[in-house]
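Number of protein chains: 2
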Amino acid sequence: MIDQLRRYLPVLEWGRHYDRDDFSNDMIAAVIVTIMLIPQSLAYALLAGLPPEAGIYASIAPIILYAIFGTSRALAVGPVAVVSLLTASAIGQVAEQGTAGYAIAALTLAFMSGAFLVALGVLRLGFLANFLSHPVIAGFITASGILIAASQFRHILGVESHGHTLPEILSSLFAHLDQTNWITLVIGVLATSFLFWVRKGLKPLLRRAGLSPRMADIATKAGPVAAVVSTTLAVWIFGLADKGVAIVGEVPQSLPPLTMPGFSPELISQLMVPAILISIIGFVESISVAQTLAAKKRQRIDPDQELIGLGAANLGAAFTGGYPVTGGFARSVVNFDAGAATPAAGAFTAVGLAIAALALTPLVFFLPKATLAATIIVAVLSLVDFSIVAKTWGYAKADFVAVIATIGLTLGMGVEIGVATGVIISVLLHLYKTSKPHVAEVGLVPGTQHFRNINRHDVETDPSVLTLRVDESLYFVNARFLEDLVQSRISEGCEIKHVILMFSAVNEVDFSALESLEAINRRLKDLGIGLHLSEVKGPVMDKLISSHFLTDLNGRFFLSQYDAWQALKPRHETPRAAE
Amino acid sequence: MIDQLRRYLPVLEWGRHYDRDDFSNDMIAAVIVTIMLIPQSLAYALLAGLPPEAGIYASIAPIILYAIFGTSRALAVGPVAVVSLLTASAIGQVAEQGTAGYAIAALTLAFMSGAFLVALGVLRLGFLANFLSHPVIAGFITASGILIAASQFRHILGVESHGHTLPEILSSLFAHLDQTNWITLVIGVLATSFLFWVRKGLKPLLRRAGLSPRMADIATKAGPVAAVVSTTLAVWIFGLADKGVAIVGEVPQSLPPLTMPGFSPELISQLMVPAILISIIGFVESISVAQTLAAKKRQRIDPDQELIGLGAANLGAAFTGGYPVTGGFARSVVNFDAGAATPAAGAFTAVGLAIAALALTPLVFFLPKATLAATIIVAVLSLVDFSIVAKTWGYAKADFVAVIATIGLTLGMGVEIGVATGVIISVLLHLYKTSKPHVAEVGLVPGTQHFRNINRHDVETDPSVLTLRVDESLYFVNARFLEDLVQSRISEGCEIKHVILMFSAVNEVDFSALESLEAINRRLKDLGIGLHLSEVKGPVMDKLISSHFLTDLNGRFFLSQYDAWQALKPRHETPRAAE
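Top to bottom, those sequences are chains A and B.
Using this note's numbering, the first residue of the first sequence is number 1, and each one after it goes up by one.
Using this note's numbering, the first residue of the second sequence is number 1, and each one after it goes up by one.
Errors might be hidden in some of the hints.
Said to hold, decoys possible - With a straight-line Cα cutoff of 25 Å, these simulated DMTMM-like cross-link-like pairs (lysine to aspartate or glutamate) come out:
#1 B:297 to A:441
#2 B:433 to A:542
#3 A:436 to A:518
#4 A:297 to B:416
#5 B:497 to B:552
#6 B:569 to B:416
#7 A:297 to B:484
#8 B:296 to A:492
#9 A:497 to A:518
#10 B:297 to A:542
#11 B:537 to B:416
#12 B:537 to B:518
Read the hints as simulated data drawn from the structure, not as lab findings.
Given the sequences, and given the hints that come with them, work out the whole structure.
What follows is the structure in structure tokens.
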């Protein structure tokens, strides 16, 4: 009972050993992360099309719930760029930005995503996330980064524009180019340049000034705070808001409110596909980060429990004015580098953010939206990485096709179609590859018991014995291939008396393949040719034993290919004269 | 040039060697098949909801075109039961039965199906048919047989009814039960019983009368002709048509007309999915028959050329008043057993049917529809075979699930949803199976160079060396699985200094798996643990060489697992005192 509780509530495990050292480590990490999270949360809410406070609310309850249910010691949960983009894209289809319906749809999306994640976790279906191959994820993240950056240009220019695909966004931007607000543009460009410099130039400077690499890194991450403070002051002092610079404006001073997602069947059916996508993409992003950080300390992540942790975080967001969240890369790394020892660091961060939500929101009244856009652009451009295109081109064409399709369709048709098509293409290409398996005709390497490809090695063969090594599991997609192959080899070689299938690399024989083997056996029997199997693995043999194949087989099973060869090759002894 | 022509026109190959013996064999086969085809063609047209002549027209041009382009010597192409059912289901959704639109939709469906098959053949994409696993096909054929038989009961009862799913058909039938025409029912029941008896009782009788098994078989196949003749005479002599017995009525006396399919974008988009389904199901049925017959004579079928042959046949049907066709099992077997030597037998059959269409159609005026329904019911009930359910249950649960889903959904939701869901379920279950591959920790069998599962055998191991044998190709669906596994093993065993991955059964490492291997390597490196690979196959090694993995690897490649073990196991020699 207690063990079961511990499985579902990892907090019971690490909470028992919590001591003063852990506490001070966690406190320090929490202060650093809190400072970094305030501008980031505001910016991602803007990206999702929600009021700025939604970003802060989405960082409070979810962090605490993840601390209770999650297994990673360092993961920091909250709004992230890609999920914010997916949220904007999903909700934009069901409600007008700025309306009450829009905010409710965001809550519903978080609720559905949370429920889906918890369901996957309880049913232990975390493997579903594996359907997103690395190239598809990499292509999707790169394309999303471009889409996000493009969508933020409107805040830098101070114009209205919209769209969920790159052509839509760009054409809308160009159409409104004449309405550019020049002061906004100056602030935006300055903030963007400053943040780029912080990323690229500040760190070496701090290192030269004697800071440790870790401290330099953390200080760099505080760059957005400096940009926020200075541009806010500039707007306030010079009264730029009256000159058309868009500002954040009034943000309610309040703890996260209790909110209720909408449960109308229509809304739920409209958000079903996006909710599933957001859950899976969020989970994949989160688990990669969690695993990378856990590996550094020989800790272990339980993927199914992670689903429950993230699901709980999203359910929390749904009822406290947030929107879909996941474990973010940047914030988790800062948390880890700042020395967070346990998930309690997350809880302390939540307290910090709650204080900010209560007390500090008047301070961001004059914060220009252009600054937030600049922080987003600089953050997401680090996601854009086309090296995956070259890497997959060099390594495997199937993966290359999946990457190109994912990038192209995400940019051209939107995030949902892009990632869905990427998954479908990866699956189809994998099935295609296994549909025509590598099958080598093998012969004996003289003087050994090894059998090798007759086309690559100088080996011993006999025209009456055909040995085929099948380099793939046999299942319905390639079952007929083997039938065709044996058939065509038999119609070529009229002297063949025995066919040996070498099964050393066959990890599965499904029912379709079993029927194909039976058909091959039947046809060879009709022609007076024997069919033999060698080096069949235990689990495959167990299955074949449960069928009729063994009794019908017009030939034998051999433990090793060498045994088969010894038994079946014709004897070229001196003719026994007496007979 | 000539060789290329011969590839696309197999007729050039067999036509060169055609002689008098071939001619007489082909003629005899053609006469037998023609007699059998007349009632069958009328019946299947009825099943497809088309006028009776459509069935005959669909058997003429397609047979000739297949004779020119197809590779099977014995395949007989024309209307078949399952494709007729699929046609009725597809067209019933776009037009009312009996209207001109219905007939045009049938032509369009044949055209699209033909174009799709030719395209697949030219692009050499015949492997797509393999997505239909044997259990899905078996389940689908069984469910279709039940649906077809159920749909024909209305002709036996002489009532109106409709529906494309079993519940629809049965409820519609019960609703109209009070309108039963008793004379029709008597004819229908007598014809059905007679045909069943011909199948089960006549053959032993003929054998006892001294006929050869082959002749007895062929004579049995002529049973429907006897039923047609006798019931037609009965209706004519007793004037039963006036008493409400539905008859075939006037059939135009004409050669196949030149017809034009409809090409409206709306019609084409509505028929797209059914056309693809019909093509693939028709192709699978046809190629199975062709391969079975070819194997008996050590002949070879070229699946891609078969696509072109069937595609040409369907295009022919589209322009000559037919509807989708494929290679049928019953007629092909009769053709083969009757001694057809070349595809010319098909051409002669076409001539016979053309004569029938011109001269004999007045003879079927009084043919009762109940007789045709009886021939269909008896023919399709031989397709119904639930043994696949028990066989898959015993062999593999994944295949069992696919069968049950296909049968259930085909009966309950219609043919298209049934077969599509079957395909999707098979693919998902296959991916699920490979997502959690069998990985065995292995050790050295003492006194040998063999490595076996430590849980099954008494083997030599060392706490500092962990060897995992991966029994599956590594690709995106299971890439993360290996990461998790290595991670969890490392967090358990603190003495581990070396991890060896034994790749003897790994047939592929895709880009996602490569990145997982790199991640494993990086994490182990951080912990000071070496990562080694052993028994990597040639093609996999070639790919790894093209990546950075080799240079980054914190360990070595070993040709054999034994080499790896020899190199990495700690030396337990006497401590060297001098050092």
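A quick look at each hint next to the structure:
no.	hint	verdict
1	B:297 to A:441	24 Å, holds
2	B:433 to A:542	16 Å, holds
3	A:436 to A:518	20 Å, holds
4	A:297 to B:416	53 Å, violated
5	B:497 to B:552	18 Å, holds
6	B:569 to B:416	59 Å, violated
7	A:297 to B:484	15 Å, holds
8	B:296 to A:492	15 Å, holds
9	A:497 to A:518	18 Å, holds
10	B:297 to A:542	34 Å, violated
11	B:537 to B:416	42 Å, violated
12	B:537 to B:518	18 Å, holds
Checked against the numbered hints above, the structure violates hints 4, 6, 10, 11; every other hint is satisfied.
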